[in-house]
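**Q** Below, each chain spelled out in residue letters.
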Amino acid sequence: MVLDDPGVRSPQGRTDAPWRHDAKREDLQHIGKPIRKVDARSKVSGLTRFADDLSLPRMLHMKLLRSTVAHAEIVRIDTAKAAALPGVKGILTGRDMPIPFGILPVSQDEHALCPDRVRFVGDPVVAIAATEEEIAWNACRLVEVEYRELRTIGGVHEAAANPEPRLHDYGVRGNIHRLENLEFGDLADGFARAAHTREDTFFFEGNTHLPMEQHATLAHFDKDGKLTVWSSTQTPHYLHKALARVLHPLPAHHIRVVACPNGGGFGGKSDPFNHEIAAAKMSMLTGRPVKIALTREEVFFCHRGRHPVLMRSRIGVTKTGRITALDFHSFLDGGAYGSYGTASTFYTGALQTVTYAVENYHFRGARFFTNKAPCGPKRGHGTPQPRFALEVQLDKIACDLGLDPAQMRLDNLAPRDSLTANFLRIGSMGLGTCIEKVVAGSGWKQRRGKLGRQPNGKYRGLGLACSSYLSGAGLPIYWNGMPHSGVQLKLDRSGLVTAFCGSTDIGQGSDSVLGWIIGEVLGIDPLGIKVVTSDTDLTPVDLGSYSSRVTVMTGNAAMQAAERARDIVAAGVAAKLSVPAGRLVFADGRVFDSEEPQKGMTWQEAVCAAEARHGTIGTVGSYSPPPAAAKFRGGGVGPSPSYSYSAAVVEVEVDIETGVYTVPKVWMAHDIGRALNAAVAMGQIEGSVYMGLGEAMMEEMAYRDRVHKGNRIFVHKIPSLLEYKSPVTFDMPEVVTYVVEDPDKNGPFGAKEVGQGPLLPMMPAVANAIFDAVGVRVDEIPVSFEKVHAALLAKQAGKEARFGPDNGPEGIPAVDFGDSLKIKTPWQGGDGTAWNEPKREKKAAK
Amino acid sequence: MTEPGKVLATFSVNGEPHEVAFAPHKTLLEVLREELNLTGTKHGCELGECGACTVQIGGTPVLSCLVLAVDAVGKEIRTVEGLANGPELSPLQHAFADLGAAQCGYCTPGVLMAADALLRDNQRPTRDEIKECLAGNLCRCTGYIKIFEAVELAAARCRGEQAEPRRESIHGS
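So the sequence lines, in the order shown, correspond to chains A and B. The first sequence stops at residue 868 when you use the numbering used here, and every number in between is there. The second sequence stops at residue 396 when you use the numbering used here, and every number in between is there.
Think of the hints as simulated: they come from the structure by calculation, not from any bench. Idealized CB from N, CA, C, for every residue including glycine. Among the hints, erroneous ones may be present.
Here are the computed distance ranges between Cβ atoms for each label pair [claimed, not checked]:
id, chain 1, residue 1, chain 2, residue 2, range
1, A, E221, B, D344, 51 to 61 Å
2, B, V296, A, P273, 49 to 59 Å
3, A, G479, B, G297, 47 to 57 Å
4, A, A634, B, Q385, 40 to 50 Å
Once the Cα atoms are required to be at most 25 Å apart in a straight line, the calculated DSS-like pairs of lysine-lysine come out as [as the list claims (entries may be wrong)]:
id, chain 1, residue 1, chain 2, residue 2
5, A, K844, A, K861
6, A, K687, B, K354
7, A, K821, A, K418
8, B, K354, A, K480
9, A, K747, B, K354
10, A, K653, A, K844
11, A, K687, A, K480
12, A, K480, A, K747
13, A, K55, A, K767
Counterexamples of contact, computed for chain B against chain A with all Cβ distances above 10 Å [as the list claims (entries may be wrong)]:
id, residue
14, P227
15, H241
16, I280
17, L291
18, G297
19, G383
Construct the entire structure; sequences and hints are all you get.
**A** In structure tokens, the structure reads:
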């Protein structure tokens, strides 16, 4: 319906900007307040139902037999003994699900069960369902699998040197999955104008998400031929697509995916997984509900965590520290499958330019296949590794030139409302404020470099680092012209507002974001709004909880749906009260005349008045990000509606004898645009500090390179919560948090992301603080105690006071990246295309 | 008659008796979740490493994944479902809800059961005492800070103080 009077007023006042990013804080009733999350009560009562909390009558339990070798052809599978075990009801092998799948259209390289080849220890081979979990386990042990082992590939150097045997028959060549080579501006000129140049090699070891909830899936193929899959997934829409693909010819509209609340995700539940598809197929085979709950060891096999990345960075600066050129190489150890790896590769080169104005920039990235659990997106997706390298290198530059690292960064800030060298569009930009906050709070100017030896004999130091992250990816994972997020509202005569949305709450509070925004627009209690999310039968598509996209994208869709609902209700109330709709105010659960506030009605009466006039009330809202400025191949990774900014100062205390150190205090400032809920935003920042600290100090996805029967196998060194070290309560430092609000016009009420950005500066800030304390560089993550100790020993022996990868030319694999795509920067008059790019066939949007 | 290989026993859970037939090698965690459908108690490792399965036996926090169910027979077991007083949340639960100390909520039941036991013995726990009490509970979401603050807030409220969260813990410095 079209309303002729859109000028509805509310306490916050309607602005011309549709998303009211600049609303004054005091004019907002719910936004910014520390109101509870919509699911707070159920979460503190044990009533939230996670996937493994569900069960159905006649449910079978499924287990997967996984590969015990790292790389092999499957010669023979004999399941006869397992099938004969009483209680076994169904057995599947790769032959039953021959269609491959994968999260990205360009890497459909996984199977629900390996049909003919296993690529890492843990690759699933056989699925068995039985009446009891133990029977399924025992049956798996009775399966005989004969393997013909192949040479294994253990890391980037080995993958580069050994094109054969190829893990996959696609990719660039040999075991190179992806090669990217993008050149923005004139590097030779940039370096020629540099007064100082540095070249350093860094390594960032892989690590994993370690969500407290182990993945679980319950699948039920009912007697009407419809399939329902409840799962711990961050991306129900993509799981739905993968199921429809592999279970062909089951029609997509006969498949329902319900994403249960995730017990932590951090990116680790963003891929469609083999166990999800196998459970669905098993339910179709047996005609019974089938559940699989992964063990902790299997969660390590699912992985999709942080890529180990080797990096070489060459940077040129003027004598005052202004960056004139950056030449960056990254080498990603991708593990056995593609996963999000194509995007991960680009992300190792995308966001360096968003914090600091880099005049000329050359990025080369390579991703390799290796015989280890597949890597993918973990909080920060591909950007923490290069951020570590860049921020440590800038610290070294400042040291070389005798500059204050904080001031040097302030002098280099990328301008707000600008295009970067690689055509990312920056909107609001609060990094300068963030730096100023942490510098002031930590006493940086007085204390840096001066803390030194403490009365307890240990050495203290301060380190600073900055970062930026996207508020959602500008492009969907599969090419299409549809919105990224949709919200439907239903207004009931009881006054109940129900919001339907495909977004998935993984603990970050996305269900509550819907409530807060809709409550603000309609002037009703957010906790009274019913939120129905992540159910592909009931809710409009939202692409999922990844890339920090939900607050901005779901939020904008919710805002649009709510504004439309408000217009309808306003028209109904205006007619009934004979007041112009433009004079109506929506607040405190009432709709009333701003000039005569007593003239009005309750929200429920208002809904009824509107329904009497217009019929049943339902509205929709949707959101698509603005088009990207980058038009070159590869320019699709990096654009975002807005960028968040963070700055951190970390204080360390180091025992110079042992290298053991603690982190007593952290100052973290984060530009969130606007905090939709103060307390929940704080929780995201503190959680990021925690996870970043874990990555900085201890977390690593390390493998044991063992020889078994003459063949190398890569088994996890640490597939348990005990051995995979993560920070406990005593490791958590005091954190001083600054919430910086620089509202962005693309965000609902100006909001930007908060879930990932504040993790990023932690790792380089820790490394920089170690240097400030004891004068040694650890150019490798994690900065574990033994590495600090090794660097201290090197320093004592008069060698380079450093621990890290080989800084020489042998340190990185020899890879021919071919010719670069050459793109003129905006200040060279570039239009976002590569001037030497071969013509591409235009894909039509579906 | 009990099924062969199973034992029949009565558990006292949250003040109510429950008669269950179960295999004697089952853990208390398995019996609570799978036989009694008390799924509020979670599992993260089933090896005693994460604390997600913490319940109270006789008021003491224990890891239910490491307790054989047969050893819990005849003892008073308390789970997260027994924390609220009817429809009214306990002060600890309120404080967790107010501060957003439960993000994904998966570790929360175990954390609540450990912290609840602490607050019963210690009305004014220091930050270090809270850290020690919760050192065996892993949380990947919160960085523990909102959890510490919620325990402190609940302790103050239990002492009868009109306590509200500190401004810095809600809005930052």
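**Q** For each hint, tell me whether it holds in the structure or not.
**A** Here's how the hints hold up against the structure:
1. A/E221 / B/D344: 51 to 61 Å: holds (59 Å)
2. B/V296 / A/P273: 49 to 59 Å: holds (51 Å)
3. A/G479 / B/G297: 47 to 57 Å: holds (54 Å)
4. A/A634 / B/Q385: 40 to 50 Å: Given a distance of about 46 Å, which is inside 40 to 50 Å, the answer is holds.
5. A/K844 / A/K861: holds (14 Å)
6. A/K687 / B/K354: holds (16 Å)
7. A/K821 / A/K418: holds (17 Å)
8. B/K354 / A/K480: holds (24 Å)
9. A/K747 / B/K354: holds (17 Å)
10. A/K653 / A/K844: Holds: A/K653 and A/K844 sit about 12 Å apart, inside 25 Å.
11. A/K687 / A/K480: holds (15 Å)
12. A/K480 / A/K747: This hinted pair holds, its Cα atoms lying about 24 Å apart.
13. A/K55 / A/K767: holds (20 Å)
14. P227: The claim stands: B/P227 keeps its Cβ more than 10 Å from every Cβ of chain A (closest is about 14 Å).
15. H241: Per Cβ check, B/H241 is outside 10 Å of chain A; nearest 16 Å; holds.
16. I280: Given a closest Cβ separation of 17 Å, the condition holds.
17. L291: Given a closest Cβ separation of 16 Å, the condition holds.
18. G297: holds (24 Å)
19. G383: With a cut-off of 10 Å, B/G383 remains clear of chain A, as the shortest Cβ separation is near 21 Å.
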